[in-house]
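**Q** Keeping their order, the protein sequence lines are chains D and E. With the UniProt record's numbering, letter number 106 in the first sequence gets 106, and the count goes up by one each step, no holes. With the UniProt record's numbering, letter number 78 in the second sequence gets 78, and the count goes up by one each step, no holes.
Hint data in this document are derived by calculation from the structure and do not stem from the laboratory. All figures in this text were calculated on a predicted structure; none of them were measured in a lab. Accuracy of the hints is not assured; some may be wrong.
Said to hold, decoys possible - Derived DSSO-like pairs: lysine-lysine, alpha-carbon spacing no greater than 27 Å straight-line:
#1 K17(D) with K112(E)
#2 K28(D) with K17(D)
#3 K17(D) with K95(E)
#4 K83(E) with K34(D)
#5 K112(E) with K76(D)
#6 K73(E) with K76(D)
#7 K114(E) with K34(D)
#8 K17(D) with K42(E)
#9 K95(E) with K76(D)
#10 K42(E) with K76(D)
#11 K76(D) with K105(D)
#12 K179(E) with K17(D)
Next come the chains, spelled out residue by residue.
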Amino acid sequence: GGAYWVDSQQKRYVPVKGDHVIGIVTAKAGDVFKLDVGGSEQASLSYLAFEGATKRNRPNVQVGDLIYGQFLVANKDMEPEMVCIDSSGRSSGMGIIGQDGFLFKVSLGLIRKLLAPKCEIIQELSQLYPFELVLGMNGRIWVKAKTVQQTLIIVNILEACEYMTAEQRKQALAKLSGN
Amino acid sequence: ATALSTHPLGERLCSAEEATAGSGTYTRHGFIFSSLAGCVEKRSEDGGLPVVSVVRDAESQLLPDVGAVVTCKVCSINSRFAKVHILYVGSTPLKSAFRGTIRREDIRATEKDKVEVYKSFRPGDIVLAKVISLGDAQSNYLLSTAENELGVVVARSEAGVQMVPISWCEMQCPRTHTKDFRKVARVQPQFLQT
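Using the sequences and the hints given, assemble the complete structure.
**A** Next comes the structure, spelled out in structure tokens:
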């Protein structure tokens, strides 16, 4: 059958099981990393929860790194737990996000709009410059393009998409591709 | 015959020839000293010297012993254990709550590795448990619910209504009819009140 949900606008993220988010590593405590995901509590991530990780082969994670992962455990009574592998043990795009690039925060509603299939904003932007994009359900976006200038242009457009109409966006992009 | 009077700690009570040392006292250099701060009790024995003892309160605190069934309230849960406050030992309430821990492997007797603490207890639940150890340096009693008669007795649903047990692992809210997972205790009929 179908599903009903109420779409609301909020900025504060509440961890939900199964959500893919971008976390920032804040501490290494033995076998577990502590990540800031923008919620009320820090999430924990075991070093074994990466593809191909064993006790001898540990992932190279430092404090300050960005991690794209999903929640294994997320409820109001317990500390959230994240993993970077899916149920079959494959990473499927999750793991440590590479060097450089730019991380910024937007509202949760915009993320959901960008994650919708065949999102117009993403399609129009990809016509402009090639870039790498990671969207976290906790309102965080990571962008990396060839140069710093291109990266910042994409960041500004994504941030402005919150309040621009489709017409205004097309005008802005037309001006940029004209330059 | 007993006589009560308050004395400070460490005071010399009497000579060892006049009385025998009871609880809360010790003998040194032929005299009886008190080792607790409290009231001195002198009880006369039938055959022999009177017994001198020092008691802190009128009734002594009942301490949970290994093997005792205690009633506790869950304060926080973790993926490895649940922390509880021990409220009753048997049927006597405690004046101050002790802290206890129920480890993940002590929640159930069978299929211990498939246990999820989140599906057995939640913060706020009232749980019947058995003391398995008096605890470590942090003085947390180690408890176990690995029996049919032990586990959750009272739990509230998200709606705030007390839930009704429907099996050993599920409870249902009578208002919203949502089912929640808990490790439910099979309370014996003689302890149930209707």
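**Q** It remains to establish, for every hint, whether it holds in the given structure.
**A** Results of checking the hints against the structure:
no.	hint	verdict
1	K17(D) with K112(E)	holds, 24 Å
2	K28(D) with K17(D)	holds, 23 Å
3	K17(D) with K95(E)	violated, 41 Å
4	K83(E) with K34(D)	holds, 22 Å
5	K112(E) with K76(D)	holds, 24 Å
6	K73(E) with K76(D)	holds, 18 Å
7	K114(E) with K34(D)	holds, 25 Å
8	K17(D) with K42(E)	violated, 66 Å
9	K95(E) with K76(D)	violated, 31 Å
10	K42(E) with K76(D)	violated, 57 Å
11	K76(D) with K105(D)	holds, 24 Å
12	K179(E) with K17(D)	holds, 19 Å
Of the numbered hints stated above, those contradicted by the structure are hints 3, 8, 9, 10, listed in ascending order.
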